[in-house]
Amino acid sequence: MAEGQFCNKSTVNTEEGIRHLLSDTNGKTYYKEMEALEVDSAAIQATFSKTLKSRLKTWLEICTHCGLCADSCFYYLANEKAPNQVPSYKIQSTLGELVKRKGKVDAKFMMDAMDTAWSKCTCCNRCSQYCPFGIDMGIMFGYLRGILYSQGFVPWEMKIGAGMHRVYQAQMDITSEDWVDTVEWMEEETEEEYLGLKIPIDKENADIIYTVNAREPKHYPEDIAEAAALFHITGEDWTVPSVGWEETSIAMFAGDWEACKIQVESVYDAMERLKPKRMVVTECGHAYRATVTEGPYWAGLKDGKTPVESIHYVEWVAEVLRNGKLKLDPTKKIKEPVTYQDSCNYIRNAGLSNDARYIMSMIAEDFREMKPSKEHNFCCGGGGGLNGIGRYRKQRDAGLAVKHKQIMDTGAKLVISPCHNCWDAIRDLEEVYEDGIRWSFLKPILLKMAIIPEHMIPKDE
Amino acid sequence: MLYDYVTGPIALISLVIFFVGITARVVLYIRGLDWRLDRVTYTVNVKYGIKGALRSLFFWMMPYGTRSWRVKPIVTFFVFALHIGVLFTPIFLSAHNIILKEKFNFSFFTIPDALADILTIIVIVSAVVLLIRRLVLPEVRNITDFKDYMMIAITIAPFLTGFLAYHQAGDSQFWTIVHIISGEIMLVAIPFTKLSHFVMFFCTRVQIGMDYGIKRGGMKKGYSGQNW
Chain A
2 MAEGQFCNKS TVNTEEGIRH LLSDTNGKTY YKEMEALEVD SAAIQATFSK TLKSRLKTWL
62 EICTHCGLCA DSCFYYLANE KAPNQVPSYK IQSTLGELVK RKGKVDAKFM MDAMDTAWSK
122 CTCCNRCSQY CPFGIDMGIM FGYLRGILYS QGFVPWEMKI GAGMHRVYQA QMDITSEDWV
182 DTVEWMEEET EEEYLGLKIP IDKENADIIY TVNAREPKHY PEDIAEAAAL FHITGEDWTV
242 PSVGWEETSI AMFAGDWEAC KIQVESVYDA MERLKPKRMV VTECGHAYRA TVTEGPYWAG
302 LKDGKTPVES IHYVEWVAEV LRNGKLKLDP TKKIKEPVTY QDSCNYIRNA GLSNDARYIM
362 SMIAEDFREM KPSKEHNFCC GGGGGLNGIG RYRKQRDAGL AVKHKQIMDT GAKLVISPCH
422 NCWDAIRDLE EVYEDGIRWS FLKPILLKMA IIPEHMIPKD E
Chain B
410 MLYDYVTGPI ALISLVIFFV GITARVVLYI RGLDWRLDRV TYTVNVKYGI KGALRSLFFW
470 MMPYGTRSWR VKPIVTFFVF ALHIGVLFTP IFLSAHNIIL KEKFNFSFFT IPDALADILT
530 IIVIVSAVVL LIRRLVLPEV RNITDFKDYM MIAITIAPFL TGFLAYHQAG DSQFWTIVHI
590 ISGEIMLVAI PFTKLSHFVM FFCTRVQIGM DYGIKRGGMK KGYSGQNW
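Protein sequence lines correspond, in order, to chains A and B.
Sequential numbering of the first sequence, starting at 2, is according to the working numbering.
Sequential numbering of the second sequence, starting at 410, is according to the working numbering.
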């Protein structure tokens, strides 16, 4: 059988297509069909000759197999230092082999490569900091994911997620109407608590355009309310777009570069349409990575920058704390030991470690660094899409061991985690280990401490 | 006679292959960089690119300058010892410079032969230590292939044979010829094997430095750059 009815090389471009894929619960048939999926070696070879240029080629070629990358990988550490978890081995035995064999491989090889690309690497890029040549296996696995995706060898949830971006320009089935409804609902809920609060939709020329993770309107609408409250308290001139509000990119995790482009262009279009001065991205790591760090390249923007300056939520928080727009009650600082989960996507890969430290110094009396921390911190264990893939639940859970130890070693039971993926991983970690670890985004913590201007406080009747 | 042959035309050919080869490697590497595929705006945000590249080179060429070097202090010691010896000894050896002067009418400053001896021994010992590490540690052994052993053999041969020739062990003429041939093998091997990291190290370090310097945080205000 060449192409399966669920598992095939076609992209999912319609609502119907998504529903069809979803009807195959947990992708049971999907993975079975994958075993018989034909590999189009000529297409792989063509992609290589177009896209495998000097950077990747040199990385694959000059690796001297020194093994310094081994200890940099949390999977290697979490899996009793299994030699098949050494980053160099993982990439050489997959992408390296695929290049060597000029794409002439079978479905079994491709499925093994898929299992490695999605369950043994979260694309955290930590290895790039430990290789003397700067070989970045996270980047190479991202590239491999693209090849695998184009051949239909992609985890079921990733294929659905990429399809969602193609259909809804969001990682979930949320239409523009759903989004606007949720925002209006949150405005109603919050304006009683903070007098004068508004969530301006599609306001032109605002100072800030605020964009989110689709999980927020879908599962955690209070996050939008909290963001609104904080923008209100700080007196920011802000807006949310009715279209182009989604920052995340399951498409990036899936390796669906076309969908990545569609997704980020929806946000850039909102920028062009509403002409804000800046964009603030919610507390999400990969969303920032996708739309701010990588997105301009997918969209072909030659300066590598988003159409308007874009900052992560921690940058905005650090800014309003520094300029005094947000005043915190020092007596309400967190008293218990507290630690901070450095997200790979905006700390290692976007240089925001100092802002995070500044915020912690303002909100915590007993801040404990994980070891190592900042750029050298370990992935939470759930990055790269791994949190959402049923097929790799066991591998994901095993990988959490490193983060668990890091947190426990700090002696803190509260983890501030301004990243959806990290937040999820730490929540799941607590399900596995049950140590009483708690986790939080910044917004609820800040709101508890914020000094609210008198005129915004409702008067008791 | 064999001696004239290996010191004459073969030496010249080896040197030409070496210089043309490494130049070609660097040129092809740079030409193969693609801002869109690599997702790094190499030619737009140049100032940040240069800063990132220099940081990347500086910290990695400094012994114990990076966290990676620091967490593996013993490996780091021998890696640096090996590379310093491999690079310095042949270039500044007095015997080599006498030949340079004779053939090309220029020479570098020279180091005392006793120091050259010490450096040679350091090279050999470091290589043996790293070889043992390769054989003993499963995470290294598992990824090691035939090419890696060849790389070590090709690198060590000129030092071992040079040492034997200088100290007139056995047939000195024989060792001298083997030394010259092994040196020529190394020169020719550099552009075509992993030994190309002789120049490609600088290319890949500059590239990843620019990547972090331009795209991954290097342009953020108040951030000094990737903490290698």
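Do not rely on the hints blindly, as some may be mistaken.
Here are the in silico distance ranges between beta carbons for each label pair [what the hints assert, rightly or not]:
no., chain 1, residue 1, chain 2, residue 2, range
1, B, Pro482, A, Glu259, 44 to 50 Å
2, A, Lys326, B, Gly474, 50 to 56 Å
3, B, Gly474, A, Lys58, 25 to 31 Å
4, B, Ile493, A, Ala3, 54 to 60 Å
5, B, Met470, A, Asn27, 49 to 55 Å
6, A, Asp107, B, Ile459, 53 to 59 Å
7, A, Lys101, B, Phe513, 37 to 43 Å
8, A, Lys101, B, His492, 39 to 45 Å
9, A, Lys58, B, Phe518, 48 to 54 Å
10, A, Asp203, B, Pro472, 56 to 62 Å
11, A, Lys58, B, Ile508, 56 to 62 Å
Below, a list of computed lysine-lysine pairs in the DSSO-like style, where the Cα atoms sit at most 30 Å apart [unchecked claim]:
no., chain 1, residue 1, chain 2, residue 2
12, A, Lys326, A, Lys204
13, B, Lys629, A, Lys204
14, A, Lys105, B, Lys556
15, A, Lys103, B, Lys603
16, B, Lys456, A, Lys375
17, B, Lys629, A, Lys276
18, B, Lys603, A, Lys101
19, B, Lys481, A, Lys375
20, A, Lys414, A, Lys333
21, B, Lys456, A, Lys101
22, B, Lys456, A, Lys278
23, B, Lys630, A, Lys204
24, B, Lys456, A, Lys262
25, B, Lys481, A, Lys372
26, A, Lys336, A, Lys278
27, A, Lys103, B, Lys556
28, A, Lys219, A, Lys29
29, B, Lys629, A, Lys328
30, B, Lys556, A, Lys51
31, A, Lys334, B, Lys603
32, A, Lys306, B, Lys556
33, B, Lys456, A, Lys328
Think of the hints as simulated: they come from the structure by calculation, not from any bench.
Predicted model only: the values in this text are computed from it and were never measured.
We put the beta carbon where it would ideally sit given N, CA and C, even for glycine.
Discussion item. Name the hints, by number, that the structure is in violation of.
Written reply: 2, 6, 8, 9, 11, 21, 26, 31, 32, 33
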